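Asks: Sequence:
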Amino acid sequence: MTATSFSQKGNHSGFRWHGPALAALALAAYWPVLNSHPLMDDHLFFSWLEKTPWRDAISQRLTGNWILNFPQMRMYRPVSGLWQATMYQLFKANPLPHHLMNLLLHCGTGLLAGVFAFRLSDNKKTGWLVASLMLFHPRAVLGVSLIYNFYDPLVTFLMMISLVCLSTVRRNWRSRLVPIQIAVLWLSIGLSLGAKEVALPLPVVLLAAELLWETKKRKGGRVIACHAGPAGLLILYMVARTRFVGHPFRTHDPHTGFPLPPDSYLWVPFWDGLLLVFSIVGCALIHRWHKLRELLPRASDWMLLWCGCMLLPAVHFCSQVTSRLYRSLLGCF
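With the first letter of the sequence shown counted as 1, position 284 gets the number 1069 in this note's numbering; the numbers rise by one all the way through.
Just to be clear, a hint being listed does not mean it is correct.
As the list claims (entries may be wrong) - What follows is a list of derived Cβ distance ranges for each label pair:
id	residue 1	residue 2	range
1	Leu812	Leu875	16 to 26 Å
2	Trp833	Leu914	18 to 28 Å
3	Leu1021	Leu875	27 to 37 Å
4	Val989	Leu914	37 to 47 Å
5	Arg840	Leu1021	21 to 31 Å
6	Ala808	Ala968	44 to 54 Å
7	Leu829	Gly1006	45 to 55 Å
8	Gln845	Leu875	38 to 48 Å
9	Trp833	Thr911	37 to 47 Å
10	Gly1006	Trp816	26 to 36 Å
11	Arg959	His1032	36 to 46 Å
12	Asp841	Phe876	15 to 25 Å
What the hints assert, rightly or not - Below are the SDA-like pairs computed for lysine to any residue, each with C-alpha atoms no more than 25 Å apart in a straight line:
id	residue 1	residue 2
13	Lys1004	Trp971
14	Lys910	Ala809
15	Lys909	Ala814
16	Lys1004	Ser960
17	Lys836	Thr848
What the hints contain is simulated information worked out from the structure, not anything from laboratory work.
No experiment lies behind these values; they were computed from the predicted model shown.
Cβ atoms here follow ideal geometry from the backbone N, Cα and C, with glycine treated the same way.
Build the full structure now, drawing on both the sequences and the hints.
Replies: As C-alpha coordinates, then:
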(Lines of atoms letter the chains of each structure in order from A and count residues from 1; the text may use other names and numbers.)
(Lines give C-alpha, C1' and ligand atoms only; values in the text may rest on other atoms or scores of the structure.)
Protein backbone atom coordinates (compact mmCIF):
# COMPACT_ATOMS: atom_id res chain seq x y z
CA MET A 1 0.00 0.00 0.00
CA THR A 2 1.48 3.33 -1.05
CA ALA A 3 1.94 6.43 1.03
CA THR A 4 -0.74 8.15 -1.03
CA SER A 5 -3.28 5.45 -0.24
CA PHE A 6 -2.42 5.68 3.45
CA SER A 7 -2.90 9.44 3.28
CA GLN A 8 -6.24 9.09 1.53
CA LYS A 9 -7.37 6.50 4.06
CA GLY A 10 -6.40 8.71 6.95
CA ASN A 11 -7.99 11.73 5.36
CA HIS A 12 -11.23 9.78 4.84
CA SER A 13 -11.30 8.46 8.39
CA GLY A 14 -10.91 11.97 9.71
CA PHE A 15 -14.33 12.83 8.30
CA ARG A 16 -16.23 9.76 9.47
CA TRP A 17 -17.67 11.45 12.53
CA HIS A 18 -18.96 14.50 10.65
CA GLY A 19 -22.13 12.85 9.32
CA PRO A 20 -23.40 11.49 12.68
CA ALA A 21 -22.36 14.72 14.38
CA LEU A 22 -24.32 16.87 11.93
CA ALA A 23 -27.36 14.61 12.27
CA ALA A 24 -27.22 14.85 16.06
CA LEU A 25 -26.79 18.63 15.94
CA ALA A 26 -29.71 18.98 13.52
CA LEU A 27 -31.93 16.93 15.83
CA ALA A 28 -30.87 19.08 18.79
CA ALA A 29 -31.38 22.33 16.86
CA TYR A 30 -34.88 21.38 15.72
CA TRP A 31 -35.89 19.63 18.94
CA PRO A 32 -38.23 22.45 20.07
CA VAL A 33 -40.03 22.23 16.71
CA LEU A 34 -40.98 18.60 17.28
CA ASN A 35 -43.39 19.58 20.06
CA SER A 36 -45.12 22.40 18.17
CA HIS A 37 -48.81 21.92 17.41
CA PRO A 38 -50.48 22.43 14.01
CA LEU A 39 -50.65 26.07 12.92
CA MET A 40 -52.49 28.18 10.35
CA ASP A 41 -53.07 26.17 7.14
CA ASP A 42 -52.52 22.90 9.00
CA HIS A 43 -56.07 23.14 10.37
CA LEU A 44 -57.47 23.77 6.89
CA PHE A 45 -55.78 20.72 5.39
CA PHE A 46 -56.26 18.38 8.36
CA SER A 47 -59.98 19.14 8.60
CA TRP A 48 -60.41 18.52 4.87
CA LEU A 49 -58.44 15.26 4.99
CA GLU A 50 -60.40 14.08 8.03
CA LYS A 51 -63.79 14.39 6.35
CA THR A 52 -62.71 13.31 2.84
CA PRO A 53 -62.32 9.60 1.95
CA TRP A 54 -58.78 8.69 1.00
CA ARG A 55 -59.57 7.85 -2.63
CA ASP A 56 -61.53 11.06 -3.09
CA ALA A 57 -58.68 13.05 -1.58
CA ILE A 58 -56.20 11.46 -4.01
CA SER A 59 -58.51 12.16 -6.96
CA GLN A 60 -58.99 15.79 -5.97
CA ARG A 61 -55.25 16.26 -5.47
CA LEU A 62 -54.51 14.87 -8.93
CA THR A 63 -57.15 16.92 -10.74
CA GLY A 64 -57.82 20.04 -8.68
CA ASN A 65 -56.45 23.21 -7.17
CA TRP A 66 -54.04 22.94 -4.25
CA ILE A 67 -56.18 25.09 -1.94
CA LEU A 68 -59.72 23.84 -2.35
CA ASN A 69 -62.60 26.30 -2.72
CA PHE A 70 -60.14 29.14 -3.18
CA PRO A 71 -60.06 29.93 -6.92
CA GLN A 72 -58.14 33.17 -6.39
CA MET A 73 -54.97 31.06 -6.32
CA ARG A 74 -54.16 28.53 -9.04
CA MET A 75 -51.68 25.93 -7.86
CA TYR A 76 -51.38 22.43 -9.30
CA ARG A 77 -49.27 20.15 -7.09
CA PRO A 78 -50.23 16.50 -7.62
CA VAL A 79 -47.05 15.06 -6.10
CA SER A 80 -47.40 17.18 -2.96
CA GLY A 81 -51.05 16.16 -2.84
CA LEU A 82 -50.16 12.46 -2.93
CA TRP A 83 -47.54 13.00 -0.24
CA GLN A 84 -49.96 14.93 1.96
CA ALA A 85 -52.78 12.38 1.68
CA THR A 86 -50.40 9.48 2.34
CA MET A 87 -48.81 11.14 5.37
CA TYR A 88 -52.25 11.85 6.81
CA GLN A 89 -53.32 8.24 6.36
CA LEU A 90 -50.18 7.13 8.20
CA PHE A 91 -50.00 9.72 10.99
CA LYS A 92 -53.40 11.48 11.08
CA ALA A 93 -53.13 14.88 12.79
CA ASN A 94 -50.35 13.83 15.18
CA PRO A 95 -47.76 16.59 14.65
CA LEU A 96 -44.62 14.72 15.76
CA PRO A 97 -44.22 12.34 12.78
CA HIS A 98 -45.05 15.14 10.34
CA HIS A 99 -42.29 17.26 11.87
CA LEU A 100 -39.88 14.32 11.75
CA MET A 101 -40.60 13.78 8.05
CA ASN A 102 -39.91 17.45 7.32
CA LEU A 103 -36.68 17.23 9.29
CA LEU A 104 -35.68 14.05 7.46
CA LEU A 105 -36.20 15.75 4.09
CA HIS A 106 -34.20 18.74 5.31
CA CYS A 107 -31.31 16.54 6.45
CA GLY A 108 -31.35 14.73 3.11
CA THR A 109 -31.19 18.05 1.27
CA GLY A 110 -28.25 19.20 3.39
CA LEU A 111 -26.38 15.94 2.77
CA LEU A 112 -26.95 16.10 -0.99
CA ALA A 113 -25.90 19.76 -1.07
CA GLY A 114 -22.67 18.76 0.65
CA VAL A 115 -22.07 15.92 -1.82
CA PHE A 116 -22.67 18.25 -4.75
CA ALA A 117 -20.36 20.93 -3.33
CA PHE A 118 -17.66 18.31 -2.79
CA ARG A 119 -17.91 17.16 -6.40
CA LEU A 120 -17.64 20.71 -7.68
CA SER A 121 -14.68 21.63 -5.49
CA ASP A 122 -12.96 18.26 -4.91
CA ASN A 123 -12.62 19.42 -1.31
CA LYS A 124 -14.26 17.48 1.52
CA LYS A 125 -14.16 20.44 3.88
CA THR A 126 -16.14 22.50 1.39
CA GLY A 127 -18.73 19.75 1.16
CA TRP A 128 -19.17 19.50 4.91
CA LEU A 129 -19.29 23.29 5.22
CA VAL A 130 -22.08 23.58 2.65
CA ALA A 131 -24.00 20.74 4.30
CA SER A 132 -23.69 22.49 7.67
CA LEU A 133 -24.81 25.85 6.30
CA MET A 134 -27.85 24.29 4.65
CA LEU A 135 -28.81 22.39 7.79
CA PHE A 136 -28.45 25.24 10.27
CA HIS A 137 -29.16 28.40 8.29
CA PRO A 138 -31.74 30.54 10.16
CA ARG A 139 -33.80 31.02 6.99
CA ALA A 140 -34.45 27.27 6.85
CA VAL A 141 -36.14 27.08 10.25
CA LEU A 142 -39.63 28.27 9.32
CA GLY A 143 -39.63 26.28 6.10
CA VAL A 144 -38.95 23.09 8.07
CA SER A 145 -41.00 23.74 11.21
CA LEU A 146 -44.40 24.37 9.56
CA ILE A 147 -46.17 21.08 8.81
CA TYR A 148 -48.13 22.38 5.82
CA ASN A 149 -44.90 23.77 4.33
CA PHE A 150 -43.62 20.24 3.65
CA TYR A 151 -43.64 20.90 -0.09
CA ASP A 152 -40.63 23.23 0.17
CA PRO A 153 -38.30 20.65 1.80
CA LEU A 154 -39.76 18.02 -0.55
CA VAL A 155 -39.19 19.93 -3.79
CA THR A 156 -35.73 21.05 -2.65
CA PHE A 157 -34.75 17.48 -1.82
CA LEU A 158 -35.92 16.29 -5.24
CA MET A 159 -34.07 19.09 -7.00
CA MET A 160 -30.85 18.20 -5.21
CA ILE A 161 -31.26 14.57 -6.28
CA SER A 162 -31.49 15.73 -9.90
CA LEU A 163 -28.33 17.83 -9.57
CA VAL A 164 -26.34 15.02 -7.97
CA CYS A 165 -27.56 12.54 -10.60
CA LEU A 166 -26.56 14.87 -13.43
CA SER A 167 -23.08 15.36 -11.97
CA THR A 168 -22.74 11.58 -11.50
CA VAL A 169 -23.63 10.90 -15.13
CA ARG A 170 -21.18 13.51 -16.32
CA ARG A 171 -18.34 12.15 -14.19
CA ASN A 172 -18.62 8.61 -15.54
CA TRP A 173 -20.62 8.38 -18.76
CA ARG A 174 -19.27 4.86 -19.42
CA SER A 175 -20.60 3.36 -16.21
CA ARG A 176 -23.07 0.48 -16.36
CA LEU A 177 -25.24 2.37 -13.88
CA VAL A 178 -25.79 5.33 -16.21
CA PRO A 179 -29.26 4.14 -17.40
CA ILE A 180 -30.40 3.89 -13.77
CA GLN A 181 -28.90 7.28 -12.95
CA ILE A 182 -30.64 8.89 -15.93
CA ALA A 183 -33.92 7.26 -14.90
CA VAL A 184 -33.53 8.70 -11.38
CA LEU A 185 -32.70 12.08 -12.94
CA TRP A 186 -35.90 12.04 -14.99
CA LEU A 187 -37.96 10.81 -12.05
CA SER A 188 -36.65 13.43 -9.61
CA ILE A 189 -37.29 16.26 -12.09
CA GLY A 190 -40.79 15.01 -12.87
CA LEU A 191 -41.65 14.68 -9.19
CA SER A 192 -40.24 18.12 -8.38
CA LEU A 193 -42.42 19.69 -11.09
CA GLY A 194 -45.47 18.12 -9.48
CA ALA A 195 -44.39 19.14 -5.99
CA LYS A 196 -44.34 22.92 -6.44
CA GLU A 197 -44.39 25.44 -9.28
CA VAL A 198 -41.03 26.90 -8.28
CA ALA A 199 -39.39 23.87 -9.95
CA LEU A 200 -40.47 25.04 -13.42
CA PRO A 201 -37.02 26.54 -14.25
CA LEU A 202 -35.25 23.31 -13.25
CA PRO A 203 -35.10 21.56 -16.67
CA VAL A 204 -33.76 24.74 -18.29
CA VAL A 205 -31.19 25.27 -15.54
CA LEU A 206 -29.94 21.69 -15.78
CA LEU A 207 -29.60 22.03 -19.54
CA ALA A 208 -27.61 25.23 -18.99
CA ALA A 209 -25.45 23.33 -16.52
CA GLU A 210 -24.77 20.67 -19.15
CA LEU A 211 -23.87 23.23 -21.82
CA LEU A 212 -21.85 25.59 -19.65
CA TRP A 213 -20.16 23.06 -17.37
CA GLU A 214 -16.45 22.84 -18.11
CA THR A 215 -15.73 19.61 -19.96
CA LYS A 216 -13.07 18.32 -22.32
CA LYS A 217 -15.51 16.84 -24.80
CA ARG A 218 -19.24 17.41 -24.73
CA LYS A 219 -21.22 14.36 -25.84
CA GLY A 220 -24.40 15.03 -27.82
CA GLY A 221 -25.82 11.64 -26.90
CA ARG A 222 -25.46 12.38 -23.22
CA VAL A 223 -27.16 15.76 -23.56
CA ILE A 224 -30.12 14.19 -25.36
CA ALA A 225 -30.35 11.26 -22.94
CA CYS A 226 -30.27 13.49 -19.87
CA HIS A 227 -32.48 16.37 -21.01
CA ALA A 228 -34.99 15.10 -23.57
CA GLY A 229 -37.07 13.42 -20.87
CA PRO A 230 -37.20 16.45 -18.52
CA ALA A 231 -38.23 18.69 -21.44
CA GLY A 232 -41.10 16.34 -22.23
CA LEU A 233 -42.10 16.17 -18.56
CA LEU A 234 -42.12 19.97 -18.35
CA ILE A 235 -44.46 20.19 -21.35
CA LEU A 236 -46.67 17.46 -19.92
CA TYR A 237 -46.90 19.26 -16.57
CA MET A 238 -47.82 22.58 -18.19
CA VAL A 239 -50.52 20.89 -20.27
CA ALA A 240 -51.94 19.21 -17.16
CA ARG A 241 -51.74 22.46 -15.21
CA THR A 242 -53.63 24.30 -17.93
CA ARG A 243 -56.23 21.56 -18.00
CA PHE A 244 -56.89 21.46 -14.26
CA VAL A 245 -56.27 25.02 -13.00
CA GLY A 246 -56.65 27.08 -16.17
CA HIS A 247 -53.17 28.45 -16.87
CA PRO A 248 -49.67 26.99 -17.45
CA PHE A 249 -47.83 29.57 -15.31
CA ARG A 250 -50.09 32.00 -13.49
CA THR A 251 -50.69 31.30 -9.79
CA HIS A 252 -53.11 34.17 -9.06
CA ASP A 253 -56.40 34.87 -10.77
CA PRO A 254 -56.56 38.26 -12.54
CA HIS A 255 -59.68 39.05 -10.50
CA THR A 256 -58.04 38.02 -7.25
CA GLY A 257 -59.35 39.28 -3.96
CA PHE A 258 -55.86 40.20 -2.76
CA PRO A 259 -55.15 43.94 -2.47
CA LEU A 260 -52.63 44.01 -5.34
CA PRO A 261 -51.90 47.18 -7.32
CA PRO A 262 -53.64 47.29 -10.71
CA ASP A 263 -50.30 47.26 -12.55
CA SER A 264 -48.74 44.47 -10.45
CA TYR A 265 -48.68 42.02 -13.37
CA LEU A 266 -46.48 44.44 -15.28
CA TRP A 267 -43.87 44.55 -12.53
CA VAL A 268 -43.64 40.79 -12.03
CA PRO A 269 -42.07 40.01 -15.44
CA PHE A 270 -39.92 43.14 -15.13
CA TRP A 271 -38.18 42.03 -11.93
CA ASP A 272 -37.99 38.42 -13.06
CA GLY A 273 -36.53 39.44 -16.39
CA LEU A 274 -34.06 41.80 -14.75
CA LEU A 275 -32.76 39.04 -12.49
CA LEU A 276 -32.47 36.56 -15.36
CA VAL A 277 -30.73 39.09 -17.63
CA PHE A 278 -28.27 39.88 -14.85
CA SER A 279 -27.60 36.17 -14.32
CA ILE A 280 -27.16 35.40 -18.03
CA VAL A 281 -24.86 38.38 -18.62
CA GLY A 282 -22.90 37.44 -15.52
CA CYS A 283 -22.57 33.88 -16.82
CA ALA A 284 -21.21 35.10 -20.14
CA LEU A 285 -18.70 37.43 -18.47
CA ILE A 286 -17.53 34.80 -16.00
CA HIS A 287 -17.21 32.20 -18.77
CA ARG A 288 -15.11 34.60 -20.84
CA TRP A 289 -12.99 35.63 -17.86
CA HIS A 290 -12.38 32.02 -16.93
CA LYS A 291 -11.14 31.21 -20.44
CA LEU A 292 -8.76 34.18 -20.42
CA ARG A 293 -7.46 34.03 -16.84
CA GLU A 294 -8.44 30.62 -15.46
CA LEU A 295 -8.84 32.16 -12.02
CA LEU A 296 -12.35 30.94 -11.21
CA PRO A 297 -13.52 27.51 -10.07
CA ARG A 298 -15.09 25.03 -12.44
CA ALA A 299 -18.72 25.59 -13.36
CA SER A 300 -18.74 29.04 -11.76
CA ASP A 301 -20.58 30.47 -14.77
CA TRP A 302 -23.64 28.22 -14.69
CA MET A 303 -23.63 28.34 -10.90
CA LEU A 304 -24.49 32.04 -11.16
CA LEU A 305 -27.37 31.18 -13.50
CA TRP A 306 -28.50 28.50 -11.02
CA CYS A 307 -28.45 31.08 -8.21
CA GLY A 308 -30.58 33.47 -10.23
CA CYS A 309 -33.18 30.84 -11.06
CA MET A 310 -33.30 29.59 -7.48
CA LEU A 311 -33.78 33.13 -6.15
CA LEU A 312 -36.39 33.92 -8.81
CA PRO A 313 -39.46 32.77 -6.82
CA ALA A 314 -38.33 34.77 -3.79
CA VAL A 315 -38.26 38.11 -5.62
CA HIS A 316 -41.95 38.84 -5.01
CA PHE A 317 -42.28 37.71 -1.39
CA CYS A 318 -42.25 40.13 1.48
CA SER A 319 -39.70 39.69 4.25
CA GLN A 320 -42.31 38.26 6.65
CA VAL A 321 -42.97 35.17 4.50
CA THR A 322 -39.62 33.56 5.29
CA SER A 323 -40.91 30.02 4.83
CA ARG A 324 -41.05 30.71 1.07
CA LEU A 325 -37.32 31.44 1.07
CA TYR A 326 -36.35 27.88 2.01
CA ARG A 327 -35.69 26.64 -1.51
CA SER A 328 -33.82 29.81 -2.38
CA LEU A 329 -31.11 28.79 0.08
CA LEU A 330 -29.74 26.49 -2.62
CA GLY A 331 -28.85 29.58 -4.61
CA CYS A 332 -26.81 30.95 -1.72
CA PHE A 333 -24.53 27.95 -1.26
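Asks: List in ascending order the numbers of the hints, as given earlier, that are violated by the structure.
Replies: Checked against the structure, the hints that fail are numbers 2, 4, 6, 8, 10, while the rest are satisfied.
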